[in-house]
Amino acid sequence: MIATRPADHYREIAALTRAPVALMEVCGTHTMAIARHGLRSRLPPALALLSGPGCPVCVTPAAELDRAALLAREPGVTVAIFGDLLRVPGSLSSLERERAAGADVRIVYSPRDALAMAAADRARLVVFLGAGFETTSPLVAATLVRAREEAIENFLVLPVFRLIPPAMAALAADPRARIAGFLCPGHVSTILGTRPYEGLARAHRMPCVVAGFAPGEILRALVLLLRQIAESRAEVENAYETAVRPEGNPTARALLDRVFRVADADWRGIGRLPGSGLELREEYRRHDARARIPVALPAAAPDFERGCACGAVMQGRCAPADCAHFGTECLPAHPRGPCMVSSEGACAAHWRYGGAFRHG
Amino acid sequence: MDEQIRLDHGEGGAATARLVREVFWRHLGGPPFAEDAAAVEGAKELLLTTDAFVVRPLFFPGGDLGRLSVCGTINDLAVAGAVPLALAAAFVLEEGLEVAVLEHLVASMAAAAGEAGVRIAAGDTKVVGRGEADGVFVTTTGIGRRIAGVRLAPDSCRPGDAILVSGPVGDHGIAVLLAREDLGLRSPVASDCAPVGALARAVLAAAPGTRCMRDPTRGGLATAIVELAAAAGAGAVLHEEAVPVRDAVLAVGDLLGLDPLYVACEGRLIAIVPPVEAAAALAALRRDPAGREAAQIGEIVAGGGVILATAAGGHRPLHALEGAQLPRIC
Amino acid sequence: MCLAAPGRIVRIEGTRAVVDFRGVRRNVQLDLLPAAAAGDVVLVHAGFAIQRLDPDVAADTIAALEEAEARLRAEAERGGPR
Chain A
400 MIATRPADHY
410 REIAALTRAP
420 VALMEVCGTH
430 TMAIARHGLR
440 SRLPPALALL
450 SGPGCPVCVT
460 PAAELDRAAL
470 LAREPGVTVA
480 IFGDLLRVPG
490 SLSSLERERA
500 AGADVRIVYS
510 PRDALAMAAA
520 DRARLVVFLG
530 AGFETTSPLV
540 AATLVRAREE
550 AIENFLVLPV
560 FRLIPPAMAA
570 LAADPRARIA
580 GFLCPGHVST
590 ILGTRPYEGL
600 ARAHRMPCVV
610 AGFAPGEILR
620 ALVLLLRQIA
630 ESRAEVENAY
640 ETAVRPEGNP
650 TARALLDRVF
660 RVADADWRGI
670 GRLPGSGLEL
680 REEYRRHDAR
690 ARIPVALPAA
700 APDFERGCAC
710 GAVMQGRCAP
720 ADCAHFGTEC
730 LPAHPRGPCM
740 VSSEGACAAH
750 WRYGGAFRHG
Chain B
11 MDEQIRLDHG
21 EGGAATARLV
31 REVFWRHLGG
41 PPFAEDAAAV
51 EGAKELLLTT
61 DAFVVRPLFF
71 PGGDLGRLSV
81 CGTINDLAVA
91 GAVPLALAAA
101 FVLEEGLEVA
111 VLEHLVASMA
121 AAAGEAGVRI
131 AAGDTKVVGR
141 GEADGVFVTT
151 TGIGRRIAGV
161 RLAPDSCRPG
171 DAILVSGPVG
181 DHGIAVLLAR
191 EDLGLRSPVA
201 SDCAPVGALA
211 RAVLAAAPGT
221 RCMRDPTRGG
231 LATAIVELAA
241 AAGAGAVLHE
251 EAVPVRDAVL
261 AVGDLLGLDP
271 LYVACEGRLI
281 AIVPPVEAAA
291 ALAALRRDPA
301 GREAAQIGEI
311 VAGGGVILAT
321 AAGGHRPLHA
331 LEGAQLPRIC
Chain C
7 MCLAAPGRIV
17 RIEGTRAVVD
27 FRGVRRNVQL
37 DLLPAAAAGD
47 VVLVHAGFAI
57 QRLDPDVAAD
67 TIAALEEAEA
77 RLRAEAERGG
87 PR
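Protein chains in written order, with the working numbering: chain A, 400 to 759; chain B, 11 to 340; chain C, 7 to 88.
Hints were generated in silico from the structure; no laboratory data involved. A portion of the hints provided could be inaccurate.
Unchecked claim - Simulated restraints on C-beta separations:
{"#": "1", "chain 1": "C", "residue 1": "Asp62", "chain 2": "A", "residue 2": "Glu728", "range": "50 to 60 Å"}
{"#": "2", "chain 1": "B", "residue 1": "Val138", "chain 2": "C", "residue 2": "Asp66", "range": "54 to 64 Å"}
{"#": "3", "chain 1": "B", "residue 1": "Gly243", "chain 2": "A", "residue 2": "Asp407", "range": "52 to 62 Å"}
{"#": "4", "chain 1": "B", "residue 1": "His37", "chain 2": "A", "residue 2": "Arg684", "range": "54 to 64 Å"}
Positions of the beta carbon are idealized from the N, C-alpha and C atoms, including for glycine.
Please model the complete structure; the sequences and the hints are all you need to start from.
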């Protein structure tokens, strides 16, 4: 039986943290869980947990959000989104503002709900804003396969999916990121398995531990990372054995490969990463909102306001509190950067749940 | 101040507080809006409160707009330590509304008022054109008489005081969310929408030293405690494991990424009582079937801010709700 | 970046399943997990089952689900939740 109770782990983490060390939780859901359970308040000050780029809302380029806003303005178009995306500003607008101005923007729980919307009203074009990582993109692939089978031609996707391993490789290669180990994303790994991290661990001497999302699971993964560091090992370990198999979910990956192909992609705050995005294959191109509904994008769509440190935060180069805007001009009430908009964004999580706040 | 009204301004969180402060208080003066129920000048035993109600859909598991509009107002009186004397109701009806729908809502209002032993004594109706309102909007105004000898004020809270809640939190918000949004979730959660006057009187009888009470509506338990602590000039610690939350509310929270501490209740009571009276107040709540799952969830502490002691043994600060919680997948 | 919740498959209807999450039910697509069977505990993300939980190592998760199921049955016998 594996110990998963938090109390079992705090002491060992403290004992293993002999010198300042920074670990990165790549996944935004880990960022949220760490903050929500108040885990930082029980970790030694020398152990820094950096919030990584695994927040789709944070890394979707402003230009793509502008495109979604412009699509929503088109007559006869419904834009269906996950609730996370409603408030994120592009350079022009946000979908929340477009909805207030009369656009048909709907929050759905599943891409299948957006497909059902399209099937129910063939006169409207339903555009699903496809943001997310390898956990989410296979679902959208499955939905597109169904749309093809049933010839639901008015179901479109604006694909802005990103791939996690290329982003991790870029961070691992960045000396300014000062990352000593990765807490690997649990649910992405249910699809990918543990093998994509092997090369990373070897090439960059980077300890990698796949973690679940319960407090005990996260803490146990931190223990495993700190043990690797203490013993000068750099391996891939799976601390989310309940849901993650070494081979991942091959059915999901096959669906992904059937519908999408890998392409270069821009990450808000990080820049262009080769082979880190997905585009629709020819057979599915008729469902591509980019191709089906042309819109006039602004010539330039700056990703950030001047002075915003979101990019550096997501690359582990600084903490939210190091940003001059954090907690002064940039607050959840009037966010200036994407990491403050998304509830799983590093800045919002630190603000709401108190990265800087220690008690007792 | 924000330039335009957004939906967040109606969610009862920090945006609402800014709107009240920067528009209403500026022109109307602080005191009448400082509390949900206010004393009437020249008649110190009387309390006055008003509330506007809009809900989509009009009918949801456990209640409807009619029941909500009565409970919301009489609960504001109840938590101020008053017994409701009379209600007035104003209706804005949209052209085309079916009379049968209106009748159903009004019958619900009568039933809820009956449960609380109060009459709806005055009313007004306006009809607006199709599309200018969403079916029915109801505003209710209540007048109540303070229970003799009861003086509730947040600034009477002292470190060590116990924080009690009368039942599981988040039922109303989850029931309405699932009824409104087409999320495909089927849940056994019904709104807790109910008058809390009997629970409030039970607490006051068992714990005469009760400092103050609140009903955690919009913004949920966390926002209510944050606002209460700020008004008290004190801090508070809540214990995550002690807060009653139904399994199904937790499950919806896990699926949609919602924090139950920020989900609305419409039939729960928060009471701050001196430590020596905590056990008696809790027992009194639990004797009422509506308070069967009442719990002591935390304490008032010196200093400022509200801290949640998490089940994982950590601490985190609680803030007022900022922006409506949206179903999310990340 | 990806919320997923564990639930138990109540029954299978073609390519989808009815899944119970501590009393909350939803239709869940099985496109990514075609071999899933009734009784399996699966992880669900945005309406799709993405992985089956291993009953040997997911004992805590499964025990929590079973406790919730037992509480629901008890509540139903008492006449439903208040």
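Going through the hints against the structure:
Range check, Asp62 of chain C to Glu728 of chain A: Cβ separation about 51 Å, and the 50 to 60 Å hint holds. At about 55 Å, the CB distance of Val138 of chain B to Asp66 of chain C agrees with the hint of 54 to 64 Å. Taking 52 to 62 Å as the suggested C-beta distance range, the pair Gly243 of chain B and Asp407 of chain A does not conform, at roughly 39 Å. Between His37 of chain B and Arg684 of chain A, the C-beta spacing of about 58 Å keeps the proposed range 54 to 64 Å intact.
Comparing the model with each numbered hint stated earlier shows that hint 3 is the single one that does not hold.
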